[in-house]
Amino acid sequence: MSEVNTAVSHVHRVAQALGEPSSLLALREAAWRTFQELPQPYVEKTDLRKLTWEIGSFSEQVGKVPAEVQAYIDRLQHSYALFVDGLPIDFRLSEEAKAAGVTYCTIHEAPEKAETLWKANFGTVVAANENKWTALNQALFAGGVFLYAPKGTHMEAPFETIYVWTGGEAGAYSRSLVIAGELADIRYAETVFAAAAGAKVVNSHVLEIVAMADSRVQVSTADAFHRGSTHFVTRRARVDKDAHVLWTVADTSDGTCVELVENELFGPGAKGLARVVGLGHGRSHVELTASMRHVGRHTESEIVMHGVLRDKANTIFRSRTEIVKGAVGAGSEQHDRMIMIDGTARADAIPMLLIDENDVQRCGHAASVGKIDPTQVYYLMSRGIPKSIAVQMIIWGYLHDTVESLASEPMRDLVVARIERELSR
Amino acid sequence: MGKPDFRVQNLHVSVEGKEILKGLNLHIRGGEIHAIMGPNGTGKSTLASSLMGHPHYEVTAGEVVLDGEDVLAMSTDERARAGLFLAMQYPAEVPGVSNANFIRQALNARRGEGNELPVLQFHRKLQEKMKALNIDPSFAERYLNEGFSGGEKKRNEILQMSMLEPRIAILDEIDSGLDIDALKIVANGVNQLRSENIGFLIITHYQRLLNYIVPDHVHVMMQGRIVRSGDAKLAEELEAKGYDWLKKELGIEDETVEVEA
Ligand SMILES: Nc1ncnc2c1ncn2[C@@H]1O[C@H](COP(=O)(O)OP(=O)(O)OP(=O)(O)O)[C@@H](O)[C@H]1O
Ligand SMILES: [Mg+2]
Numbered sequence: 001m002s003e004v005n006t007a008v009s010h011v012h013r014v015a016q017a018l019g020e021p022s023s024l025l026a027l028r029e030a031a032w033r034t035f036q037e038l039p040q041p042y043v044e045k046t047d048l049r050k051l052t053w054e055i056g057s058f059s060e061q062v063g064k065v066p067a068e069v070q071a072y073i074d075r076l077q078h079s080y081a082l083f084v085d086g087l088p089i090d091f092r093l094s095e096e097a098k099a100a101g102v103t104y105c106t107i108h109e110a111p112e113k114a115e116t117l118w119k120a121n122f123g124t125v126v127a128a129n130e131n132k133w134t135a136l137n138q139a140l141f142a143g144g145v146f147l148y149a150p151k152g153t154h155m156e157a158p159f160e161t162i163y164v165w166t167g168g169e170a171g172a173y174s175r176s177l178v179i180a181g182e183l184a185d186i187r188y189a190e191t192v193f194a195a196a197a198g199a200k201v202v203n204s205h206v207l208e209i210v211a212m213a214d215s216r217v218q219v220s221t222a223d224a225f226h227r228g229s230t231h232f233v234t235r236r237a238r239v240d241k242d243a244h245v246l247w248t249v250a251d252t253s254d255g256t257c258v259e260l261v262e263n264e265l266f267g268p269g270a271k272g273l274a275r276v277v278g279l280g281h282g283r284s285h286v287e288l289t290a291s292m293r294h295v296g297r298h299t300e301s302e303i304v305m306h307g308v309l310r311d312k313a314n315t316i317f318r319s320r321t322e323i324v325k326g327a328v329g330a331g332s333e334q335h336d337r338m339i340m341i342d343g344t345a346r347a348d349a350i351p352m353l354l355i356d357e358n359d360v361q362r363c364g365h366a367a368s369v370g371k372i373d374p375t376q377v378y379y380l381m382s383r384g385i386p387k388s389i390a391v392q393m394i395i396w397g398y399l400h401d402t403v404e405s406l407a408s409e410p411m412r413d414l415v416v417a418r419i420e421r422e423l424s425r
Numbered sequence: 001m002g003k004p005d006f007r008v009q010n011l012h013v014s015v016e017g018k019e020i021l022k023g024l025n026l027h028i029r030g031g032e033i034h035a036i037m038g039p040n041g042t043g044k045s046t047l048a049s050s051l052m053g054h055p056h057y058e059v060t061a062g063e064v065v066l067d068g069e070d071v072l073a074m075s076t077d078e079r080a081r082a083g084l085f086l087a088m089q090y091p092a093e094v095p096g097v098s099n100a101n102f103i104r105q106a107l108n109a110r111r112g113e114g115n116e117l118p119v120l121q122f123h124r125k126l127q128e129k130m131k132a133l134n135i136d137p138s139f140a141e142r143y144l145n146e147g148f149s150g151g152e153k154k155r156n157e158i159l160q161m162s163m164l165e166p167r168i169a170i171l172d173e174i175d176s177g178l179d180i181d182a183l184k185i186v187a188n189g190v191n192q193l194r195s196e197n198i199g200f201l202i203i204t205h206y207q208r209l210l211n212y213i214v215p216d217h218v219h220v221m222m223q224g225r226i227v228r229s230g231d232a233k234l235a236e237e238l239e240a241k242g243y244d245w246l247k248k249e250l251g252i253e254d255e256t257v258e259v260e261a
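The listed protein sequences derive, respectively, from chains A and B. When we follow UniProt numbering, the leftmost residue of the first sequence carries the number 1, and every step to the right adds one. When we follow UniProt numbering, the leftmost residue of the second sequence carries the number 1, and every step to the right adds one.
It is possible that some hints are incorrect.
[Claimed, not checked] If you only want the chain A side, here are some residues facing chain B, beta carbon under 7 Å, derived:
| # | residue |
| --- | --- |
| 1 | GLY384 |
| 2 | ILE385 |
| 3 | MET393 |
| 4 | HIS400 |
Treat the hints as calculated values from the structure; they're not laboratory data. We treat Cβ as the ideally placed atom computed from N, Cα and C, and that holds for glycine.
Between the sequences and the hints, there should be enough to build the whole structure, so can you do that?
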């Protein structure tokens, strides 16, 4: 127990140097106790029994920015925040965003810089006591942003958070909070660069989004968690009246990951869309759930998941729609499709419908796992296109719409390069 | 390269162990238009697919030679690059792949490395051909055949043909599902391409297409082989009298590809 408190107070001390008020220590310590009290979780398709809950050791040493990351940053035209091993390294707020009166700072500075909003929202979308790994994140979070776009802000350019994990002995616990004021229309992106872990540790990442009435938030994520450690990812948006939150999730991880992306369609008329592309390769094990929880009346959602697998990858895509009692007139669609290219990969496409309300508008779902359609390959070949190129064209075609909806050109290029690297092997 | 020369000799093809083509012969030279007619289920599409190398169809005997090269030894894409083209009865849809990108990949594959058509030139040529076929310019960026109507798919096949300029073009029921205006446009597309450098094999059920594309040779298929060949008059005769007289003459009761005992 004592070593534990060392970790919490250590993280807090480092965070304090970054502007975290002392009052936060109590919150972290409470979360740590919750982490210890909560039972070992059960995850349907991922065996957690052999999983370590080791958190690793922490270093205050600022890691170097890898050349690949620097090249990526150099291309960005929009606002961004760069964290290496949880420490803030680089930060840019565009003139446009400044003029719009946006609050944009590290998560550690937020309790002072935006006290009211912080108190009203932090930990309300992803609570510490939700499960063992959300508790762990709240105890140890290091790195992440706070973003508040005031009422009516309209910005095409995204705010992007770049997390770099250099693969030391420490666990990774990022946490960001994004709040879109009423009628705001904004884009937010998270991009992960990670080296293979030096030690087997547990990692937990959290993103909380609050979309106030009539706002619209487009969120893009590009994860590439590497092997060695276990990664828990919890990203959730609370969507108020007539607000709209659209996710584009691109996952090319090759580690062991349990990920959730969820919209809580809270207010009446709230809408949600989750587009997911996943590339399973190597020995990756990714269990990714895209979820829509309909609470408000006349809420609408759509989930589109496209997976491509090769090698010995094991990918589980779960599309989950929950319509709670009282969410009358809700409508939802799910499309979940996975293509196995080669190897002995294992794919599971699991549609889930949990419906407690009788008055439902529509509720469609389709899930399939299969190989590339041979009639498409034949058709392309019949025009002179060699088989290997035909296969790549079909796969890219299948991923195209989702990749196109990522937040920026550099992000699209990054995801394309990550997929290409694995597909062209 | 000289005039195309395409020869099919004693072709036998099975699908799932069932013999469908039973010794088919055909000889097409550049500048010629051959039409194949015949009742449903007599093996016309099977012929087209097996010439293109569809993996479902197994050639059990015979020879196919294009310009002296053994076609049967080639994969489907090699056949296409050698100059064979098949406008399919039911072309596949490929979401996420734009029509223009697809045609450009195909054209560059056919032209070979180092001989690719520059992008601007390609698009100019594509728009020109689309205009001639009365295809809306937006179809360049539409996903390949996705959500196309039957007639739009057929016109898109002809568009690909006129872009790729094959040596031997096989058109499988390019006229089905077309209204008379679209039929004229498609026929016009074929006629524009007509030259010594291309030979056509046109599979159809209807004389009306052959009013616009006048064939040099007409063949009738029954029971997996060609049972009668003639000139354009044969098609007119079939249109007027149907197939029964021919069946009677040939002593055929069931013209389809019956399963052998
Ligand atoms: N892939 C296949 N699997 C099984 N049977 C097939 C296949 N392709 C063709 N056949 C059979 O072969 C026979 C000939 O079919 P084919 O499509 O070649 O006829 P067709 O002359 O083109 O007919 P239509 O005029 O109706 O287009 C039919 O009995 C058909 O069921
Ligand atoms: Mg046919």
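Going through the hints against the structure:
A cut of 7 Å between beta carbons decides the hint on A:GLY384: the least distance to chain B is about 4 Å, and the hint holds. Because the beta carbon of A:ILE385 sits about 5 Å from the nearest beta carbon in chain B, less than 7 Å, this interface hint is met. Annotation: interface hint on A:MET393 holds; nearest CB of chain B at approximately 5 Å, less than 7 Å. A hinted interface residue such as A:HIS400 counts as satisfied when its beta carbon comes closer than 7 Å to some beta carbon of chain B; here the least separation is about 4 Å, so the hint holds.
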